[in-house]
Amino acid sequence: MTETLPSRTSDLPAKWIPGEVEAGLYQRWVDRGYFEADPASGKPPFCIVIPPPNVTGSLHLGHAMDHTLIDILTRRRRMQGYDALWLPGMDHAGIATQNVVERQLAVDGKTRHDFGRELFVDKVWDWKRESGGAILGQMRRLGDGVDWTRERFTLDEGLSRAVQTIFKRLFDDDLIHRAERIINWCPRCHTALSDIEVDHHEDEGELVSIRYGDGDDAVVVATTRVETMLGDTGVAVHPDDERYAHLVGREIELPIVGRMIPVVADEHVDPSFGTGAVKVTPAHDPNDFEIGRRHDLPMPSIFNEAAVVMNSGTRFDGMDRFVAREAVREQLRAEGRIVAEKRPYLHAVGHCSRCDTVVEPRLSLQWFVKVTPLARAAGDAVRTGRTTIHPKELEKRFFDWVENMHDWTISRQLWWGHRIPVWYGPDGEVVCVGPDDEPPTGAGWHQDEDVLDTWFSSGLWPISTLGWPEQTADLQRYYPTSVLVTGYDILFFWVVRMMMFGLYAMDGRPPFEHVFLHGLIRDQFGKKMSKSRGNTIDPLALIDDYGADALRFTIARGSNPGADMSLSTEWVAGSRNFTTKLWNAVRFALGSGASPDLPVPPADRLTDADRWILGRLREVREQTDALLEDFQFAKATEALYHFTWDELCDWYIELAKPQLAEPELAEGTRAVLGHALDALLRLLHPIIPFVTEALWTGLTGGESVVITPWPVDAGAPADAAATARVEALQRLITELRRFRTEQGLPDRRSVAGRLVGLDDAGLAGHEPAIRFLTRLDAPSDGFAPTATVEVGLPGNGSVHVELDLSGAIDVAAERARLGRDLTAAQKELDQAEKKLGNPKFTQKAPAHVVDGIRARREAALADIERVTARLETLPSS
RNA sequence: GGGCGCGUAGCUCAGCGGGAGAGCACUCGGCUUACACCCGAGCGGUCGCAGGUUCGAACCCUGCCGCGCCCA
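Residue numbering for the first sequence follows UniProt numbering, starting at 1 and increasing by one per position.
Simulated from the structure, these hints should not be mistaken for laboratory data.
Being a predicted model, the structure only gives us computed values, none of them experimental.
Among these hints, one or two may not hold up.
Said to hold, decoys possible - Each pair of labels, with its calculated beta carbon distance range:
1) Lys396 x Glu449: 55 to 61 Å
2) Ser780 x Thr741: 23 to 29 Å
3) Gly757 x Pro13: 22 to 28 Å
4) Pro439 x Pro239: 38 to 44 Å
5) Glu858 x His800: 17 to 23 Å
6) Ser568 x Thr741: 47 to 53 Å
7) Asn577 x Asp604: 55 to 61 Å
Every residue gets a Cβ at the ideal spot worked out from N, C-alpha and C, and that includes glycine.
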């Protein structure tokens, strides 16, 4: 190594310590504006909007997965010459954020009502400024290539204007209306919730069977919510149920309350379930509400907003629902009304997704979006292929969902959020006010007190962040966005709403061309991560310990379409090892004088190893392109991993070492190595941006790999002959190493040997490489071989190697080794002969398959012959 | 109850009609001037079970068992 190294190599430290470098690299990217989109650029646009994280949230592995995959897509498109925009931001998370601030107030024994609406909202903004949005800083740590100049927040002025605009339009189109219905109510948050904000899980409760009425009029009903009987206004049976035919139309007495309630016949009662009779509490159960409507039953509410019994006209008024449940049950028992009881009784119960309180169905006046026509349009967009869902298997779930979607409850009894733009007049007027309208003034006019569901604004995200309702340059250029990336568990939260609103607001143009749904991250045993299980992993801790690249690489490598992935610190450590491997490979290349600036010589002046690695590089590049276009992150990452470690490092670099020592080969080797690493670093950059940036700038002296073109013609067409010779070479070297290992030869001990038959095997020029990689010295004057190894090569050739081990070989070990080879060859032969002996196989199977089996038989026969002969020459032990 | 998906090496997962694979773990040998976050070699599987289709099944079909998710 007499050449002067290029000066730029001096910038490459001996070791890659991500924690010391990543933040600086990221800041440099941002400072230079690499991530800023430019609508005037003349390049084709590519746009992804972030599924907006919650302003109260911090980065968890689910985000890390979203962001890694999005960043891979965007960075690659940017390198491919697109005007790539990844637009960041957050949503205001109505309930969650209000909860955070209310908890702070509660420390001083205060509630939001002590401050009043305006002051309280100011306090929330204060909190947002001081503590909100931690996730934005964490995104920088991950390396997210987002355009910070376009960052948005759902409560920004522009986005709020979008909310008001669409509300007004939907209102005018009769797609938003106000109605008294049963909704999901959180008695702790004191607000309505939509269906998707309710999580159902199994709870221990009780199932109590109660006898209503007496004598011939007696009916037994069962319930898990005994206390609701205080609000019963009927009993329902199926019209065809003869057991109760005599009762229909009559009234029976409701225990405790003493009210007479009718028995009604309703088709929706399942006569085979329980006793076939159900109690009807129209104000506190969605099914009962429907029955009540059909039969015109009274609908008294017996709970206040905290789910405390009220207005029941009984002594239970003032009791919490769970206290009342037991108290009512005990009184029923005392009155001899309880027929049966199951306790504990496991059943699914709805919980508030924000605070886990048991949700109470509640009859109340709320605003709803009539989703049927909007959801149908969303379904059509996918059906007609204007939006493609990946993986395709999830389409069915999407269709099922949009076809069965219930009206969406959008009013929330909160203060933090977009206030509903509806004013009520003194004479019952209802006026919806658009963003440019003046709200009505005067005595008796007041605005609706409620705010909108956060997802009402998140649903507008793909259009509002681009400037809608204004026809901005960004909107015209980047809408529809290219891809939406999110977890399949979130499909219904954002994707459906974004689809509905985008189609509605943008004249039937859906908000994204592709929806890519990835799986969930689980722990190393495939278990879902959860705080209660204690198996969560903080992505920031992983970044601290192993670097952002290692986390990203792990995620990319595990992301198979439609499947969840497992992750543990060991997996991430493995990825860190990969970045280190890459680092060292480039260090070796630089130390050898490799450079992409050196011209790669024409094929006829390249070695087999050169041609082989250039062919493999082209194949891997093509593979990577095809896989990434198809969102197959795991396979693309795996292909690059395998190429880097198992081919480039384990073989090409090793073969390059003897080449570099040959003056006539050295320059070409430096060129090939420089060329291959340059391309490889670019291919890897979207996945592991930090280490590739450091290495690529070190290798090439270029400004930044971020803005460097994607390698489109790196490598060379595969050279089958060169590849075959390299594979034979690998086989020969591996077999010789195996012999050495099994003979117990220490790695560092050189052995003299003679290679016989290299010419016939086409490996004549490879003797230096073989000797270098197997520590085989040239035979000297006193060469006296004591052992022979014969290596069968692909293509049925073989090479003899005579070795001077300076002593007797370990015959037992050699017999064992050959015995294993013989067994394997015999098995191979048996399989092949069995097939070939079957006339149906030779007649029906395609010719190339039959030929393949014949070739395998020949190879096995040759192996057996060779190994047997060798075994016979061994002294008996 | 309805729908979807999964059961392949100790663990996590690829493979989805013609030679059972990877990473990690494990065993043995090595601090060989790119790398011990490494190198070399190796061990490890009636591909959940039972039928069927086929010349041929981990792969296609049917049933069963076990697990997970979504919706009621």
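Report task. Against the earlier hints, flag every one the structure doesn't satisfy and list their numbers going up. Result -> Checked against the structure, the hints that fail are numbers 1, 3, 4, 6, 7, while the rest are satisfied.
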